[in-house]
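**Student:** Below are the chains, spelled out letter by letter.
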Amino acid sequence: MNTIKRIEIVVPAIELKPVLKRLENNGVKKYSIIRHVVGRGEFGESTDDLDDQLSGVYILMTCAIGEEESLYLDLKPILEKFGGMFLVSDAVGYRY
Amino acid sequence: MNTIKRIEIVVPAIELKPVLKRLENNGVKKYSIIRHVVGRGEFGESTDDLDDQLSGVYILMTCAIGEEESLYLDLKPILEKFGGMFLVSDAVGYRY
Amino acid sequence: MNTIKRIEIVVPAIELKPVLKRLENNGVKKYSIIRHVVGRGEFGESTDDLDDQLSGVYILMTCAIGEEESLYLDLKPILEKFGGMFLVSDAVGYRY
Amino acid sequence: MEFSLILSNILNPPVLFFFVGMAAIWLKSDLEIPQPLPKMFSLYLLFAIGFKGGHEIIKSGLSWDIGITLLAAIAMACLVPIYSFFILRLKLDIYNAAAIAATYGSISAVTFITASALLTKLELGFGGHMVAALALMESPAIVVGIFLVRLSVDAGEQKPDAVEAVPWTEILREACLNGSVFLLVSSLIIGLLTGENGWGKIKPFSDDLFYGILCFFLLDMGLIAARRINDLKQAGPFVIGFSLLMPVLNAVIGIGLAKLLGMSVGNALLFTVLCASASYIAVPAAMRMSVPEANPSLYISMALALTFPFNIIVGIPIYLQVIQRLWT
Amino acid sequence: MEFSLILSNILNPPVLFFFVGMAAIWLKSDLEIPQPLPKMFSLYLLFAIGFKGGHEIIKSGLSWDIGITLLAAIAMACLVPIYSFFILRLKLDIYNAAAIAATYGSISAVTFITASALLTKLELGFGGHMVAALALMESPAIVVGIFLVRLSVDAGEQKPDAVEAVPWTEILREACLNGSVFLLVSSLIIGLLTGENGWGKIKPFSDDLFYGILCFFLLDMGLIAARRINDLKQAGPFVIGFSLLMPVLNAVIGIGLAKLLGMSVGNALLFTVLCASASYIAVPAAMRMSVPEANPSLYISMALALTFPFNIIVGIPIYLQVIQRLWT
Amino acid sequence: MEFSLILSNILNPPVLFFFVGMAAIWLKSDLEIPQPLPKMFSLYLLFAIGFKGGHEIIKSGLSWDIGITLLAAIAMACLVPIYSFFILRLKLDIYNAAAIAATYGSISAVTFITASALLTKLELGFGGHMVAALALMESPAIVVGIFLVRLSVDAGEQKPDAVEAVPWTEILREACLNGSVFLLVSSLIIGLLTGENGWGKIKPFSDDLFYGILCFFLLDMGLIAARRINDLKQAGPFVIGFSLLMPVLNAVIGIGLAKLLGMSVGNALLFTVLCASASYIAVPAAMRMSVPEANPSLYISMALALTFPFNIIVGIPIYLQVIQRLWT
Ligand SMILES: Nc1ncnc2c1ncn2[C@@H]1O[C@H](COP(=O)(O)O)[C@@H](O)[C@H]1O
Ligand SMILES: Nc1ncnc2c1ncn2[C@@H]1O[C@H](COP(=O)(O)O)[C@@H](O)[C@H]1O
Ligand SMILES: Nc1ncnc2c1ncn2[C@@H]1O[C@H](COP(=O)(O)O)[C@@H](O)[C@H]1O
Ligand code: NA
Ligand code: NA
Ligand code: NA
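Residue numbers (this note's numbering), protein chains in the order written: chain G, 1 to 96; chain F, 97 to 192; chain Y, 193 to 288; chain D, 289 to 616; chain U, 617 to 944; chain E, 945 to 1272.
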């Protein structure tokens, strides 16, 4: 039971692989992914009506307090180029 | 990087359109939607075994601190009539 | 509108039924479930490529402050034996 | 004799797969047909039966008889929910009574399809216009159900409603344009418009695969029905009795009307089955929106876990037996 | 006379189901075909058309004519985006112009399939190698589009890009190995390799169901196209004009080339349709990754909500009419 | 001569599509068949092969030979995991050894189906009861695997387990009622019960589409197998050797038993393939639950990424070759 940071990301489905790669390079070893996320953002609507390549994916993970900044900086170029959301909140991790 | 409110909603799938309309009327321009949410609440079980019209949808969005109240008030009639969840938590938005 | 605990769990799909049973025994009457969650953890990768029996499920629920501990203790054996995530965060519940 | 027809009905692969589904749940097998596959099967069946209906109408032509059958269908779709409502009010509140009444006024396409499969097996013909009757009977009960609620709920006792009530025109539109009816009617019209040429191209898909896909769909219905039976545990004898006796009452009235109007044996069975069956998708979805005060797990489970298996397993062969006796 | 062909095209079940889809949205029906069913239909159609193409090539053999047709196909796939780009630059920025140009340089497999269904209906033959042309025309426009951006964007004005630019080899690989092209080409090769024996086993799946599944796929395309039309509301007359006139211009060039190369009527129609159609899946996905500055809802909606219906409904029969006149 | 049979096996569309799937991953194509489509294909194949098996049993009748074959099948399903376990214990811990042993004691329905497709192509018959053998061999290894763990793990060294150990009856029930076995056996029984009449209605679905859907399923298996090969990189030569040699050992024993029992060539091949194949769905799911200490990516990848392709590509034709030589 630790106080940790809970990070949630939404990126375009086509960017899932590069994002995971960067996360893994940053030492993230545990994460959960929910696919087929639709929504709306700065880059317009993302849907899966035609093909799920144009939908989004949601990634949930945790990190120690203070590590969220560097994770964000590493993903920033992808998020800014292709769109995406990056939120951090506080959580207590019982098992994570 | 801002301290913001993170709002998560679950409503019956058939109410997604009216809920999005009200959110957009309230100036919400960015959100993520996860469909095919099942679960249990005051209105009984929601499943997608027969048809996904009877399942739920999860909506995630952010707002500035203080705006959550009016968003809730606007959705309240729908949530009370058709069921639904409305939670608010604190988050730090790096990109949102 | 109450300050509450927001609990999110990820467990292997095959453990959904026993987990829900324990939750219900603990008085949890409302929850939302997102299926087909993939990811990575201590127990390796969970995917749904072959069959969704090997994927994970995400469960979201709320409880009164202080109740999270006993919920965790009750699920702990399952989480430790079969894998899973258990996070708790603070939230304000408007309708839940 | 009745028993042999029941057996002949049961020994159809689709009906047997319904039992397999139920058995899977009772034996706690993990057999599952995940969404959206059941949705696809149901779209397919609507497409197939609509297209075939259109093609049959070309072959048979239109006639006065058809018009009268369609009128009778609409009449039954409006009447059944009205008398059901008053029966249900004996024990239930306005909202649940209206929602259940609407459920029983409408129809179950799969029950119709299963009956048509039995007719095909027994080489008893039926008219393509019966598909039109199916389409016409899906929606009126929704409107009647909402009407019954609004009429019954006194302005005074109605709780102030922050969500504006859906206007009538909207209700009518939604009732008539729900996806199932829309696909069914469109397919029927396209079957009509494209004639033999269209049929020749589509038949290997819509006709040859029909039985196999019906098996899968009924397998899934068996899974769902068995899961829902638990929901009825606290429902009490009134509700359970209604679920099993109402189809019989509606069937009796249906058979009488069919006899009166001089329908053929095949058409009479289908008409009877439309009257006797209840909706578990379209109407529940509409009621969930327009009468949210009612309890969906109640009206869905009644239609799905009791009335549907009852009709599929014993109803259809018995109705046919009675019709065959009365008609000869 | 032209009108009768348009009518004959429209009275095809697949085209009529496209209208049903559009009508469902306009009438606000809740008809829906959820993912991944449309994805499955699209994989099926690629498999079926690829396999059949391979089988046809065995029957017809290879020839110089085929080689020349394939070269012409690649040439058009490279040229169309180039001249489109300069037309689009009159009103649009580099990114959007390049992305739209790429979209129109590539092809729509379903438009091709609908045209081939009309040919089959009219008993006009076509060569299996046209499927190879389809495959060859899918990807070059992606490369040309990216090339146009990189050439146009001056190093100075380019914003410093923290994400390393994708190298050319990678772009080429991705363009040639996108899932659709890969499945199409693989199926064609397997159809070639396994000959009559393979065809005999696969035909009941790939050929007999073809029309039915095409109906479902076009039903879904109708739903999506109608939903996307709204996206074009703020697009302005230039963009709308481009979406409707560009296919005609490309068709005219295509017909001219086909005449010049002495293609048969069937091959000429398919070649024309490849030139006239625009991509709404493969290219948009590639552009979303490689030209993220462009607006996807613009180029997808143009290709899907205007050009696609235009070709399906009036384009195909008119192109065929013109070809039949010129060829006789 | 052996080579020509391998070639003939490889030039089957389904096997070629398996290669397409593997190639797609190696070439980094984005080709994908999203869930629940693979699940549907697998349900379809179980349904089709079960129904056909039931129909064949009607035609051939029951006999002592059949009973003996089924007993041999169960015996192999119990023996294979036992000797596998002791081989595996040379290098692996109890948990992984037991889980892998269970995997190899059970069977792969798709390997069986691919072998049966080769037999059909070569016009070599086989009995419907082989499908019953398939069903009977799916589950015993699960029970044996759990038994081996419980026997090997000394009460002392066992870590205190807060989750109550699943009782034996529960394990047996789950092993016998997993969805695949349940659907297969149900379909077989329904095929038996509904006879020629049922078969006539279902055949266009279950038989005519079989090859096409098998292609799609093997395409997906190719995608998954190629993705999983990476998981074996750190596995070491022992594990890799086991994955490739164990099927051969089991096949040899299977062929010997088949000869001893006087099976026909077709039945012998199917029996051999059942012995030689390993489970990558049912058993892993059961082991994940009952032996969570073992590493699923190890046993799934062995069965799926090595043993499965080995059997599909070279195993089946070689086993057949050997059987044909020994039988004549
Ligand atoms: N504030 C937000 N709340 C929820 N989801 C968001 C938010 N911002 C972005 N997203 C998600 O991230 C995707 C890409 O965002 P964007 O880069 O703004 O286009 C959107 O389609 C949404 O699904
Ligand atoms: N406390 C909660 N935690 C998680 N999900 C909830 C909660 N309350 C409601 N929900 C979700 O919202 C849906 C509608 O809730 P209700 O209005 O209570 O029937 C339920 O089916 C759940 O999916
Ligand atoms: N820190 C985490 N963040 C997000 N998801 C997690 C985390 N830890 C575990 N999970 C999820 O829970 C599943 C089981 O975790 P484990 O027991 O560590 O194998 C993983 O496959 C993930 O989907
Ligand atoms: Na009725
Ligand atoms: Na083009
Ligand atoms: Na085996």
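Simulated from the structure, these hints should not be mistaken for laboratory data.
Heads up, a few of these hints could be off.
[As the list claims (entries may be wrong)] What follows is a set of in silico ranges between Cβ atoms, one per label pair, in the way DEER data are often shown: (1) E:Lys1065 / U:Leu706: 54 to 64 Å; (2) U:Pro783 / Y:Lys268: 48 to 58 Å; (3) D:Ser292 / U:Asp823: 36 to 46 Å; (4) U:Leu788 / D:Leu481: 18 to 28 Å.
[What the hints assert, rightly or not] DSS-like cross-link-like pairs, simulated, lysine-lysine; straight-line CA separation at most 27 Å: (5) Y:Lys197 / Y:Lys213; (6) E:Lys1003 / D:Lys409; (7) G:Lys5 / G:Lys17; (8) F:Lys117 / F:Lys177; (9) F:Lys126 / Y:Lys197; (10) D:Lys521 / Y:Lys222; (11) D:Lys316 / Y:Lys268; (12) D:Lys409 / E:Lys983; (13) U:Lys819 / E:Lys1147; (14) F:Lys177 / G:Lys30; (15) E:Lys983 / D:Lys316; (16) U:Lys819 / D:Lys491; (17) U:Lys849 / U:Lys707.
Please read all numbers here as calculations on a predicted model, not as lab measurements.
Note that the Cβ used here is the ideal one computed from N, Cα and C, for glycine as well.
**Student:** Return the numbers of the hints above that this structure violates; sort them in rising order.
**Tutor:** 4, 12 and 14
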